[in-house]
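As given, the protein sequences belong to chains A and B, one line each in that order. Numbered per my numbering, the first sequence spans residues 2 to 552. Numbered per my numbering, the second sequence spans residues 3 to 219.
Derived by calculation from the structure, the hints in this document are not laboratory data. Keep in mind that the hints are not guaranteed to be accurate.
Reference listing, derived: stretches of chain B covered by chain A, where coverage requires no fewer than 3 residues with Cβ under 8 Å from a Cβ of chain A [unchecked claim]:
#, stretch
1, 29-42
2, 87-95
3, 143-150
4, 192-198
5, 201-211
Straight-line alpha carbon distances no greater than 35 Å define the calculated DSBU-like cross-link-like pairs of lysine-lysine that follow [what the hints assert, rightly or not]:
#, chain 1, residue 1, chain 2, residue 2
6, B, Lys191, A, Lys203
7, B, Lys42, B, Lys141
8, A, Lys203, B, Lys94
9, A, Lys203, B, Lys141
10, B, Lys138, A, Lys97
11, B, Lys31, A, Lys203
12, B, Lys94, A, Lys46
13, A, Lys198, B, Lys138
14, A, Lys173, A, Lys137
15, B, Lys31, A, Lys74
16, A, Lys203, A, Lys173
Using N, Cα and C, we set each Cβ at its ideal position, and we do this for glycine too.
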Amino acid sequence: MEAAARAPPAPQGQHPPQLAEAVAPPKVERLNQVVQQQLNLESVKTRALGLYKAISRILEDFDAFARANTTPKWQDALGQFSMVSMELFNIVEDIKNVSKAFVVHPRNVNAENATILPVMLSSKLLPEMEAEDNTKREQLLYGISGLPVHMQIEKLKARIDMIGAACEAAEKVISDCRKAYGLGSRQGSTLVPTLDKVQAAKIQEQENLLRAAVNFGEGLRIPVDQRQLPASLPSHLVDVLTVGDGAQTFGDSSAGSYTKNTPPFSSNNVNTQGILQTPGGQLIARSVPSPSSAASFDNASTPPMPYVNSPRSSTNITNTPSPQQQVQQQQQQQQQQRQKVMQLPQHQQQLLVQQQLRQSSSTGVLGQGTISQLHDLPGQTQQKFQQIPGQHQMSYSQPMLQQQFQNRQLQASHMQHNMTQNQINQVNLRSHLNQYSGANSALYNAAQTSPNSQMITNMSASMQSQSLLPRMQFGLTGGHPQRNHPSQILNDQMFGMGASNPASMVAIQQQQQGGFGNIPSNTQNLQPGMVNLPSTTQNPSFPQQRQQNQQ
Amino acid sequence: MECVVQGIIETQHVEALEILLQGLCGVPKERIRVHELCLKSGPSLAVPSEIRLLCDLAQPTPSWTVRHVGGAMRGAGAEQISVLVRTMVESKVSNNALRFFYSLGYKLDHELLKIGFAFRFQRGAPITVTVTSANKMPKLHATDEAVPVTPGIQMVEITAPTAGDNYNEVGAAVSSFCEYLAPLLHLSKPGVSTGIVPTAAAAAASLLSNTGDDPSL
């Protein structure tokens, strides 16, 4: 059977075959794509080939039997036969669909089939067949052909009934014999192996286990205390879980020991109790890809930064302790070094600073009584911490810092800022603003020379996040680096930023690069000593300050 | 929505099942190696929900899918149909999905590693047959150390997507396909226990004898 390219049901306006062939040179006619897909001819072909191979294989086997004069295992042979026949049946069914759509061979009349075609199409029986038919009819109606028609019909019906009854009786006898001899039904195997009860029970039990595990997770839950991230995560989870990801929370985890594989973290984690509570904070950090960060932050899964834009202020952050907190708890000894635990918002600023510090080699720590210091999280900075005597050190999650600071701008910044609490509160939003090359050498110098709150404010002033510029404008006093910012101003500005969501923050970051015409790029802007702080100072002052402060 | 039936088969007969499916479906088999993470919503969400994140590890680059399975259809119509019809939503996601759900408050409930193969073909409806062994991980996320939950038994699942109006036809297509597998295993709605089929051994033997030379024959 050939499938003609023109399929009548196909909604394509193809020319009638004869016309097409007569008029144009023979073109290869392809099946309608839709029809092709529907009929799935490829699979039918594959199956037909497979069936052919199977049958030829079976025939070969039988051939071998015949030659070797051995008897085949009939059970297997019958099984194979049933398989083959089933497959054939399926293929034929599928082909029926094809045959409905296409013309059957031969496609057109030509010399070779002109004579035989009428015979093929005719419905009259062959003479021999016709004669046979007649004789059979005579036999059937022998003896009753003289009766009226309705009586003939009745007699024939009676005959049919008798034959039916005989067939039923025969079937009954056969089935009785089958049962008697234990032959079983025709379809099943002769002897159905029965499972003994013990085995059946075992299998039942296993089945229940498996179904419960797959459908409901029974038996798969790891107790909370054992839920620790392994030292080496599988490759598909490495990216997902490690980078600063402390957000993983487990069903029962409250204050469970949640240890993360973050060595550099250790000291830094510290008390970002408040900060780390919101896993969402990660997102912000994430948004700032930093080329340089990759190296510095090995797969420390650092807790995410507190969500900058979260409406919760530092005071409100409580909730269930996040895993980061748990990690921090473990590292409390390191935390002791940090005397100040920055609240959530504050950390971000610190993170920024830390990052910068991290990138830079030197760390200038400005300390004040009530000011928490920003540290570089990465291990390198830890050393710095220790170097800084008697300084409050803020620890914040490394990842937060990394992510935020890794941006180009922070390459050389190693400023440690002591931010007042106020500033920090405001600045938490700025975490992702780290890119903003606010601080630069001027601030750095300032910080180093005059460690006081004023300095800090100045630094923050000089450091501006470019993105903040538009927002920062309001409430910004005229800028000179040494100006004192009332904390309220900072607060306002910070809160102004706070309304933005991470997305906007990211946008801001991007904007900042475009915003400052005179600042070619953030990375470039940060010279050694430049600190990238989310500054609240005015934008215009920034460039000025930069120039002034650059050494 | 999807129609789904599940069954079990002894591990020793899985190869025979594979041959049978290969013959019935006519498509090449696909390897399955899926790390399934089941996340349950935390207390912050009012309505408890369960999300499954599937990471396909069979490909060189892992791809993630998120899947939400809803409640099954109930009622007289559901009782008569031999497959389970339930709502299901599935979508490809990036590998951020896990973190995203964590940040939403979802917590990891359990995880599972499924290793096996699948056949996807069309027979009245797009049908997917998966034969997998469910493996559990002794330690968190330790996919390399996964051990089967039940070493001797594997899970067979047949699913077909359906809409709200044609689930009868799709269910019928799935049921008729299941009949072809009757010699080897019995399939039923998830949650209904089936046991193994006594003819499985014989059927498997005959299927396996198709391949290769068996000198004993």
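With a cut-off of 35 Å on the C-alpha distance, tell me whether Lys31(B) and Lys203(A) pass. At roughly 31 Å apart (the allowed maximum being 35 Å), Lys203(A) and Lys31(B) satisfy the hint.
Please verify the coverage claim for the stretch 201-211 of chain B: does it have three or more residues whose C-beta sits within 8 Å of some C-beta in chain A? That given contact holds, which follows from 8 residues of the stretch 201-211 of chain B lying within Cβ reach (below 8 Å) of chain A.
Sort out whether Lys173(A) lies within 35 Å of Lys203(A), counting only the CA atoms. 40 Å, violated
Within a Cα-Cα threshold of 35 Å, do Lys198(A) and Lys138(B) meet the stated pairing? 28 Å, holds
Are there three or more residues in the stretch 143-150 of chain B whose C-beta lies closer than 8 Å to some C-beta of chain A? holds (count 4)
Would the hint linking Lys191(B) and Lys203(A) be met if the CA-CA limit is 35 Å? Cα-Cα ~21 Å, so holds.
Assertion that chain A covers the stretch 87-95 of chain B - criterion: three or more residues, beta-carbon distance below 8 Å: violated (count 0)
Holds or violated: Lys94(B) with Lys46(A), Cα cutoff 35 Å? At roughly 33 Å apart (the allowed maximum being 35 Å), Lys46(A) and Lys94(B) satisfy the hint.
Would the hint linking Lys203(A) and Lys94(B) be met if the CA-CA limit is 35 Å? 39 Å, violated
Given the hinted pair Lys42(B) and Lys141(B), is their alpha-carbon gap at most 35 Å? With a Cα-Cα distance of about 19 Å, the restraint between Lys42(B) and Lys141(B) holds, given a limit of 35 Å.
Please check whether the stretch 29-42 of chain B has three or more residues whose CB lies within less than 8 Å of a CB on chain A. Check passed, 4 qualifying residues.
Between the alpha carbons of Lys173(A) and Lys137(A), is the straight-line distance 35 Å or under? Status holds; Cα separation ~30 Å.
Of the hints listed earlier, those the structure fails to meet are numbers 2, 8, 10, 16, in rising order.
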